[in-house]
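Same order as they appear, the protein sequences are chains A and B. First residue of the first sequence? That's 1 in the numbering used here, and the numbers climb one at a time after it. First residue of the second sequence? That's 1001 in the numbering used here, and the numbers climb one at a time after it.
In case anyone wonders, no lab produced these hints; they're calculated from the structure. Because the structure is a prediction, the values reported are computed rather than measured. A couple of the hints might just be wrong.
[Unchecked claim] Just a few of them, taken from the derived set where beta-carbon distance is under 10 Å, the chain B residues facing chain A:
#1 Ala1039
#2 Thr1044
#3 Phe1060
#4 Ala1062
#5 Ala1124
[Claimed, not checked] Partner residues aside, some chain A positions facing chain B, computed with beta carbon under 8 Å:
#6 Gln66
#7 Ile127
#8 Glu157
[As the list claims (entries may be wrong)] Straight-line C-alpha distance at most 30 Å; calculated BS3-like pairs for lysine-lysine:
#9 B:Lys1366 with A:Lys47
#10 A:Lys128 with B:Lys1127
#11 B:Lys1127 with B:Lys1166
#12 B:Lys1526 with B:Lys1349
#13 B:Lys1051 with A:Lys305
#14 B:Lys1166 with B:Lys1244
#15 B:Lys1166 with B:Lys1074
#16 B:Lys1517 with B:Lys1366
#17 B:Lys1074 with A:Lys128
#18 B:Lys1366 with A:Lys145
#19 B:Lys1304 with B:Lys1552
#20 A:Lys47 with B:Lys1387
C-beta: ideal position from N, C-alpha, C; glycine also.
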Amino acid sequence: MTDLSAVPLVESGCVEAPARRTIPVLRERGQREVFCGLTGIVWLHRKMQDAFFLVVGSRTCAHLIQSAAGVMIFAEPRFGTAILSDRDLAGLADANDELDRICVELMARRPDIGTLFLVGSCPSEVIKLDLAKAAERLNAQLFPKVRVLNYSGSGIETTFTQGEDAALRAMVPVLPQGDAAQLMVVGCVADVVEDQFRRVFDQLGIGPVAFFPARRAAELPSVGAGTRLLLAQPFNGDTVRALIARGAELIQAPYPLGAEGTTAWLRAAALAWGVTDQRFEEVTRPLIDRSNRALDRYRPRLAGKSVFLMPDSQLEVPIARFLAREMGMVLLEVGTPYLDRQMVAAELDLLPEDVVLSEGQHLDRQLDRVRAARPDITVCGLGLANPLEAEGLSTKWSIELVFTPIHGYDQAADLAEVFVRPLERRSRLSV
Amino acid sequence: MQLTLWTYEGPPHVGAMRVATSMRDVHYVLHAPQGDTYADLLFTMIERQDKRPPVSYTTFQARDLGGSTADMVKSAVAEAYERYQPKAMLVGESCTAELLQDQAGHLGQTLGLPVPVVPLELPAYSKKEHWGAAETFYQLARTLLADRIPAPGTVRTPRAEGVRPKANLLGPTALGFRCRDDVVEISRLLGELGIDVNVVAPMGASPDDLRRLPDADFNVCLYPEVSRTLSSWLQRTFGMPFTKATPMGVNGTRAFVAEVAAMAGVSADPVLSREHPGVASLSGSQSRLAWYARSVDSTYLTGKRVFVFGDATHVVAAARIATEEMGFTVVGLGTFCREFAREVREAAKLYGVEALITDDYLEVEKAIGECAPELVLGTQMERHIAKRLGIACSVISVPIHVQDVPARYSPVFGFEGANVLFDSWVHPLVMGLEEHLLQMFRDDFEFNDGAKPSHLPAVARPAAPAAAPAETAIAAPVLNAAPVSVAALDARAGEGVAVAQTEAEPVWTGAGELELKKIPFFVRGKARRNTERFARERGLAQITVETLYEAKAHFGR
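Turn these sequences into a full structure, and let the hints steer you where they fit.
As structure tokens, this is what we get:
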């Protein structure tokens, strides 16, 4: 399963891409049971602790974020909502003044904040409140103490994890230019995972390595002709394209989920850096072995079990690849909110021949298919989990896959365990 | 535009969802963009509902905005009817769809479905969740009762001799506070009086049940935030009176029983003959609260400072219970329900405090910090505030979280509800006799400052949470290197969160500090706070043993 030669590596300019398979995709439209891009704030604000995210939206937006965050554990959080009222809708000029007032007051109260993200929402998009202009106005007042950026996390334009893409995309224009050779890892990963990857890159002699985003929003990595991009998350397509427009080059690779995925991911970077096969083997072999030892515990529990992934986090394709290839699970349907082929090209090649891919959602019809297939595990959002459990179907809620560190060798077994737990629990209970 | 960090209420369409989800055979089509489905998880996760809320969303996207959004409403309504076969439909908009002006409700009506389609217009930019619930409940009932409305001036036929009186229980909803068990408790109480329950709504009711509402003699307006609009309309239109008393606490329940008995024209004796106000024994009431509060163990509850915040119905009742039935002192009272500000202001007058009418979490946090209460009765939001300040807390109102939907029977209304309240308010405080023992044995190695009461999550906190330092500016006086104790946390709580100590603070002398340590640790925080305030107000640079006792004499215990 970890035979490296079996993993097709695609790296622009180095290895020739194999002919792509065309996988048929079931496209559906209808009710979607997914979060909007605002939800990304929940993890973005934990990652970049010097940033504040101000949603310009409605009470619904505020309610969504606090509900998605689960519990209100933070005293004064580094996110908030400027709630539009009737008066703001009546006159946009006033709305702009109001927004400026709120931002200036907020920044005066939070001297620890260095970057303020103005986050657009469905209502602010519909009334065409120009947050780019607002950011410009506010920068004139607040920069350089506070840098004001803007992006849209609205549900009419973004799905769940796309909010991260939009936030990072907004940072690209302010990244300093630097053409020196470097590896840039794109996408939020847990700090512990970032540290692990840094150690491995060091051992491989790959560097300098920049993570984007960094732990502080103010620490902006440079970008330029010498920058090679390695993607940690599959949902940052717009950011990647913006980085490429600034001279960076994309290293095509699967995502670092599972031992196999992580190896392929590192190998793509190693190839680009001219790391010898021997060195790569020396560094990764012990890590692969350890990862596999941990995975071996869970393989018998998952092998042969069926899984249905409903569209949500956009991690569905790489996770399906991991579950099928490394854990031996049977994929019934792999749903994804949208299919960005450029982002998942290397992943699609690794999916089983007969995989059923679906893009978009018509919730009721998809639930009909779930009920007909009766999967051993259904990956779905929190709104659906209990109702499906009550129909006798085990579930894994997809938000856990976003909030839990699952990338890299030492988290591969954690990722597997996330799927073992509901089965284990069901087998324990006899009430 | 209002800056909001946490919100007490969702938008009005979430109120509509609460009504729809509470009922049977109702389906709600919501014209809304992707993302608004988040509200489903409130029901399936917080309340562990085992079915999806009966809500379909149109899920329009940016590319639909040019023109086809209206068609999406029509097809969503038609599809939802086809699939779910409801007996009534609600069609409305969330905040974004309201801006599109598709008039979703009207579109839904034009489809000619064989069931009533109720258009909901819930202004998302001026109204909130409770208003939305009340309006939805009213609009739905009004539509279903349209053909039963009597001509103006029609006199209600009196109940025939020998027929048992009937009442509706109005207001219990999904995601309400303990509604499930309150309904059981109140139904039992009415049963003892010989009153039948005609319809409980919205919880568990079908559209057919709503059509039967006028069959009752009167309405029990159980949760006015949700049911007052409809109750008033039923009174105006069908001449049905509705109750005003909140059956919470022993006295509240007695008053409620008297009120419904009078409304139903029956004797209150079956219930009230077992109630003996002022009798200090177990036989004084059907609720143990009455005796427990009088038992000597409860002496230590005397004058405990409580801060009450939540929805109007629960805070007005809780403040009364705290005062009359527990012997606490209400030091703060407020609500986020602006529609009920008048009621809460009137109640606040009784306790000599100014009502806090706000939906700004930071303002509530500031008020709690300034009041330095020993117990907070609030919502999940106040639970977090209290936890951070190291103050005991009990949740008495929405917004709720998963632990407010307990598996066990735990109403807050009726006599059993009073028992539940006694337990849940007293347990977070140091238990009575235990407090004396702690004082007696305070020099014992097991009862020193470091040995915190093990049963107290709210008090026995080791230190401020890890997330706090960066997020809050707690100005704690650094007096010595003593470990952070309960007393120190109390002291901080007293400072309030936003008090910046820029003025020169009085300094404790060594002897003063030593004397302070002789005071039992669970009141030491208050003593420290009072003494420092005393010194500050008098411009004293130093706090000596004498200052400590001067302050004690000034403030009393």
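Can you name, in rising order, the numbers of the hints this structure does not satisfy?
11, 15
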